[in-house]
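Protein chains in written order, with UniProt numbering: chain A, 1 to 440; chain B, 1 to 440.
Just to be clear, a hint being listed does not mean it is correct.
Identical copies look the same in the list; a pair holds intra-copy or inter-copy alike.
Cut-off 25 Å, straight-line C-alpha distance, at most; resulting in silico cross-link-like pairs (PhoX-like, lysine-lysine) [said to hold, decoys possible]: (1) 102 - 46; (2) 83 - 377; (3) 203 - 34; (4) 122 - 377.
These are computed hints drawn from the structure, not numbers from a lab.
Protein chains: 2
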Amino acid sequence: MSLLLLKRSLAKRLPNARGYTTANHTSTSTPNEKWKYVPQSGTYPKGFNVGGIHCGVKKDGKSLDLALVTSELPCSAAAVFTKNVFKAAPVLASREMLNARKGSGVRGLVANSGCANAVTGKGGMEDAIAMGRAVDTLVGEREASTVVMSTGVIGQRLPIQKILDGIPNAYKTMGTSHEAWLSTAKAICTTDTFPKLCSKSFKFPGSSTEYSIAGMAKGAGMIHPDMATLLGFMATDAPVSPDALQSILRHAVERSFNAISVDGDMSTNDTVALLANGAAGGETIRIGTEGEKALRAVVTGFAEELSKLVVRDGEGATKFVTVSVKDANSFEDAKQVASTIARSPLVKTALYGRDANWGRILCATGYSGVEGVVPEKTNVSFVPTDGSPELKLLVNGEPENVDEERASEILAMEDLEILVSLGTGKGGESAYYTCDFSHE
Amino acid sequence: MSLLLLKRSLAKRLPNARGYTTANHTSTSTPNEKWKYVPQSGTYPKGFNVGGIHCGVKKDGKSLDLALVTSELPCSAAAVFTKNVFKAAPVLASREMLNARKGSGVRGLVANSGCANAVTGKGGMEDAIAMGRAVDTLVGEREASTVVMSTGVIGQRLPIQKILDGIPNAYKTMGTSHEAWLSTAKAICTTDTFPKLCSKSFKFPGSSTEYSIAGMAKGAGMIHPDMATLLGFMATDAPVSPDALQSILRHAVERSFNAISVDGDMSTNDTVALLANGAAGGETIRIGTEGEKALRAVVTGFAEELSKLVVRDGEGATKFVTVSVKDANSFEDAKQVASTIARSPLVKTALYGRDANWGRILCATGYSGVEGVVPEKTNVSFVPTDGSPELKLLVNGEPENVDEERASEILAMEDLEILVSLGTGKGGESAYYTCDFSHE
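Isolated chain A, as found in the complex:
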């Protein structure tokens, strides 16, 4: 029998067992304090049609579970996939498609929530390919040209017929409105408490052409069964060559989706994709140009915004914490230290406990494995997010006499920055975003 059925059965029998429950992504299920993160309008890239429907993967008979994106023009496409050895079928199928197409001529994306199509063997690969093919057929492509994503329970086959029946239905409902984008963002959610959707328009220096970028993400939960999957999707109407797009996405993901920690696990399905269809016109952005740098800055900032929403929706999270590491030997070293601090369970529980415990921050810094961490050069501060001065905790390895009133005020804030300066003189820096571990 399937693991889903097993878990349901356990859920009935054992008081502590957690069955798979589908969050109800209606306006009433989003907690009040999270509403501010859900946009009421947006500026979306030209030439993309999107939509989300319920097709029946989720068992409640109503929650959106199938997302569809198509582009009127063939797109350049890039993706960053999980490094997990156990890659889910949609990851393998999408990677193969992108390799075959060399990142060009891509027409869209199909994603389902409720079932991850992971550890499903050959049959699972056939299902992933069939999902993509169903979209290709609708847009009139003979060769595979659709990115495929799945998120949800591991180890069970997709109800593929429901998805194949659902794709034409989703296709009919597609549109370009804010509501259509919001439905699409909702359709990739599993236990997320709010849809994660961002959009913005931008121009390049010295040009009057206005471009837009929009994107969505599906969060990773701390406690949820099988739900540690991160999906991200971004689309822009700027014209970009495939190699420039891949380079831009890799740079952006390193500083955003790969710089957040909810629980420190890496799933079988993690995928972030970026499509660029050029529908807004202008000269194609090529690798190694100023245009690439300019777009890279835009996409990186945008991906940061989107990935921070994932941290804000970490289960039980009450605090959003930026771990900034400065003056390391390199970006990579800074990121390694920031990541070690951000992922330390002891730091995360201390943050929830409002415990001004720089000892734990120091511990994590010290076991990060980075050369160039020298106790006598290390500085640690709490930086309040209201613009008031930082509170120094450790200066050149010596503990400060901490102003307790001030520590108490800063620690009570919803947003907080931990600043570690390694004093190497090299100036490498990185930021990592994390949430606290609270009581459930």
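Given chain A's structure and the hints, the job is docking chain B onto it.
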């Protein structure tokens, strides 16, 4: 002001703040279900005198906080220290002493709980050295010959005078009885709910000489402020050369204290020390001999026993989980996979949730970074600890139809084994011990 005072002040002000509290290590504070892990008698090595008293580091005026061990004969001594860049003063002092003595002529150990003497600068080093010197004076040694350990709050100075006054008092109370050993084990506890003490006697093949080994450990907590420190101390009356002893301890610690996970952090104070005084007589065990192998097996098994007690006392832990990885390319690879599974927060929460979620186990296996993990060769089972057959979840990468009744039974047990076989044909294996993450 000190961090301790800061935290106390915060604790008063903020309902969620966790102040530093000293567990009361009396018979009434140990939970009923943990009593079975506290021995009522023991077989202790000859020539060691031990004792534990309250000297005033802990503020409650009664909890034991100073542990003293002396040997009537000079010992061979070995130690394994934290790899954290931020090493506490007692770690630095002990390392220096052992280096200067080349691991011989060591006379004992002094340890305090309640204050870690970490991030305390030059003054902290002086305190650590003074602690050791106070013991040296009592046993009539001119050169440093005492291992020093501290555990407790980080970033504040020791109340060194209380400790220096306490050492002669502790010296007077020392003895060789089970009660003396138990007091010593209690004196190194901070928020542990029970003292961790083991002892046993052993013989080598073909010899009639009876040796003993005894030891204690201080656990690491998940949620406790500043308490992520692991201390371990073992003593035997077998005669061992210093280099053989260091080699034996390194081997044992890799398979015991360095193969357990409570929260995945590594503290500034972690230390495991082993003394051998040869008081039971017999030929000195030298490196590269059969005697070394025989003693290594004894010490490794003993250290495993002791370190498992630390896992059983992980805060909020309800389950003791052995993660066994078999048929890897090497011991190191097997340990890396086992460690990744054992430290995965998603695996640990699933275990508490009694969720037969091998997807999470697979995820962790897949991001362990070990080459030679091949999905199609991977096998995962739950192994019940009552001797009944294993429950296969994944066979050569294919999910099994799981017997839900059986999964439910196994997952309800307090002890559980997760068995992962990598199918490499090389036979490398390792075990890692962990607990679940429960609600607090």
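Right, here's what the structure says about each hint:
{"no.": "1", "hint": "102 - 46", "in the structure": "within (23 Å within a copy, 74 Å between copies)"}
{"no.": "2", "hint": "83 - 377", "in the structure": "between (34 Å within a copy, 18 Å between copies)"}
{"no.": "3", "hint": "203 - 34", "in the structure": "neither (30 Å within a copy, 66 Å between copies)"}
{"no.": "4", "hint": "122 - 377", "in the structure": "between (54 Å within a copy, 15 Å between copies)"}
Hint 3 from the earlier list is the only one contradicted by this structure; the remaining hints agree with it.
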